[in-house]
Amino acid sequence: MTLDPRTKMVIVICLSTLALIYNSAGELLPLLLVTLLLLLLFRIDISSVWVYLKRFLQLMLVVFIIQCIFTRGGEVLLSLGSTALVSSQGLLAGASLVLRIIVIISAALIFTTFSSRDFILGLVQWKIPYELAFMVTIAMRFLPLFRDEFVNVVTAIQLRGVELKQVSWGRKIDLFRSLLFPVVFGALLKAQQLAVAMESRGFRAYPRRTYLRRLDFIWIDYAVMLIFITITLMLIISY
Amino acid sequence: MEAVIVEDLSYRYWPEGPLVLKNMNFRMARGEMLVITGLSGCGKSTLCYCLSGIAGHRRDGVMQGQILLDGKDIQKLRAASLALEVGIVFQDPDSQLFSPSVEDEIAFGPENLCLPPGDIRARVDEVLDLLGISSLIEANPYHLSGGEKHLVALAAVLALDPPLLILDEVMSQLDQQAVQRVADVLKRLKDAGKTIIAVEHRLETVTFADHLMVLERGALARWGPIEPMTADREFLAAQHLID
Amino acid sequence: MHFLTLTQVNFHYPKLSRMALENINLEIEQKSITAIIGPNGSGKTTLGKVMIGILQATGGKVLLQGEPVSEMSLAQIGRRIGYVFQNPDLQLFCATVAEEIGFGLVNQGWEPARVKEKVDFCLEFFQLAEYRHVFPLLLSQGEKQRVAIASVLVAENEFVILDEPTIGLDAYRKKILAGYLRKIASIGRGMVLISHDMGFVEHLADRVIQLEKGRIVGDSERKGRNGYDT
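Chains as they are written, first to last, in the numbering used here: chain G, 16 to 254; chain P, 18 to 260; chain H, 382 to 611.
No lab work stands behind these hints: they were computed from the structure. There's no promise every hint is true.
Stated by the list, open to error - Covered stretches of chain G (in silico footprint by chain P; criterion: 3 or more residues with CB under 8 Å from a CB of chain P, positions within the stretch not fixed): (1) 120 to 132; (2) 208 to 218; (3) 222 to 229.
The beta carbon of each residue, even a glycine, is placed where N, CA and C say it ideally should be.
Work out the full structure, taking the sequences as your base and the hints as a guide.
Following this line, the structure appears as structure tokens:
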């Protein structure tokens, strides 16, 4: 199914809104199923969900444990002496929070089916100023740039013979503190170069610009969007 | 009217900083090509920044003197409208590519100039073909090799079709075949009336140029017709420009 | 035993259909200068990165002195093989040029006095002394390249891989670099030069490996002064 990127954006927003509103595993589980079904419809490899989830595994584990311990009520499942450590309520709360994260990450995968350029096009055709649309995508590009910068530096450090895994924590903090300034400054320099490169190719020369491609918002997009918004609103109101 | 007039140009990166360019004067007619050479750190890239108007728009930089392109004072032009007068390919290809595909990268400039989609399509296809990189059209510039990135950056600037082209060591990462191709393209552009300024270490690749400028610590060490100067091996050796 | 052994090595980047490296079989000796040449996009840089495990081969084996590179940490490899990246921006991370050059030595526990001595020598040799206290990323491209090269060569690894070391260098600095490389080769330190600069490679290499579209299409040992023999 080829939908307009704007339709896909609306779908992602609907799914994540519901994920944020729903609180129990009983509601989140069906939502996850719907999300996965949509991914299949968009021809996204379901196994790639796992690839993305892996990066958040530690975070999810920490969140899960915190929820388990700090939510009280229900049956006590695990206790340390007389203090209850894990309750049935806590376990459920932890599980639903993890489910919520999984739904949001899976829904966000829909973004991978179109390029940032189509995203800009969609926004501009909805009369959003192009400077703003570009700013959003450049910002989205910048997070990976910071990450790349960090990965490059860590690789370069290790290649100069420093075994980061064996360095003591004090030394490690010292090392990273001394790197903070050059890395941040380096990334800022690159941002500046990027702005210069864009401007030197005529960016913002005129109040408007043209586009090589255009997106066609057809009836199926209107239909799909309407259905998703209506269902989401109904679910929220009846909740 | 002359295409490029540089008068008493001096530049420092911050108000009390050292002079990176010292009192430079030269002129170029339309359709001429100038090659700039000199040891690294002598101010070649800074001169490119000045001529393209970027240096003049830097917050801390102090530019003295005047640069006229086609009679227009570049310091009085708005940063973005400079793209109509001059196109620059930077030395580091990574810092000038930002689009998700080669096609988008090249279309970016013509789109900014508000060309109709049909014309943009034609320009994109033309420059891809000209530089022999049509097969890369779908590729993500980020994943290309160093030399390919430079070709894409050059294509993106050529698509703007500016009257003055500034190329900062564009050929340094290219293989022999690509160097020959780019040289042929430059020759053709020059014949079509484009003014070209190129920084280059390997002078044998650009013998078809008109002028050669040798920079030494930010000052003009020599300026003149390229042929007698490349023939003067003694001078080039004294400047450490050849073995 | 060979210093580096690559058997049936393949590599492809995720999301790209074309193989970046295909069926590479290669043995490299420690005491030699090996050049890897080939047109733009032929896989030279990818091959270099696979050799030291920055990229893990998607098929086949890479052995460093008989040990699989995939089971070694980057630091273990880095202590044996110095690596100069093609783009100096990616490997400079210190606040000054002097710190950059001394970084590896300091972190491998050298005495401050010896670090200073080595750093001073390198600053002088690569004509960077006047930039001692400058932030490396503010230098010109050619100067950054020299800082990157100096900060790797200073560690005196038994082997180095240099990816396009001549980019941004003028003829004079190229000659200085060639002289230095020849000198360290003569005392038994080997290297791989990845380059498209035939003029530079010709005078240095004992062996030239030619890549095209991710495959080895030529491998010649140098014979005498004026040519290669397959």
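Taking a Cβ-to-Cβ distance below 8 Å as contact, does the stretch 208 to 218 of chain G have at least three residues touching chain P? holds (count 10)
Outcome, coverage of the stretch 222 to 229 of chain G by chain P - at least 3 residues whose beta-carbon is closer than 8 Å to one in that chain
Result for this restraint: holds, n = 7.
#### Entry: Coverage assertion for the stretch 120 to 132 of chain G with respect to chain P, Cβ distance below 8 Å, three residues required
holds (count 3)
Violated hints: none; the structure is consistent with every hint.
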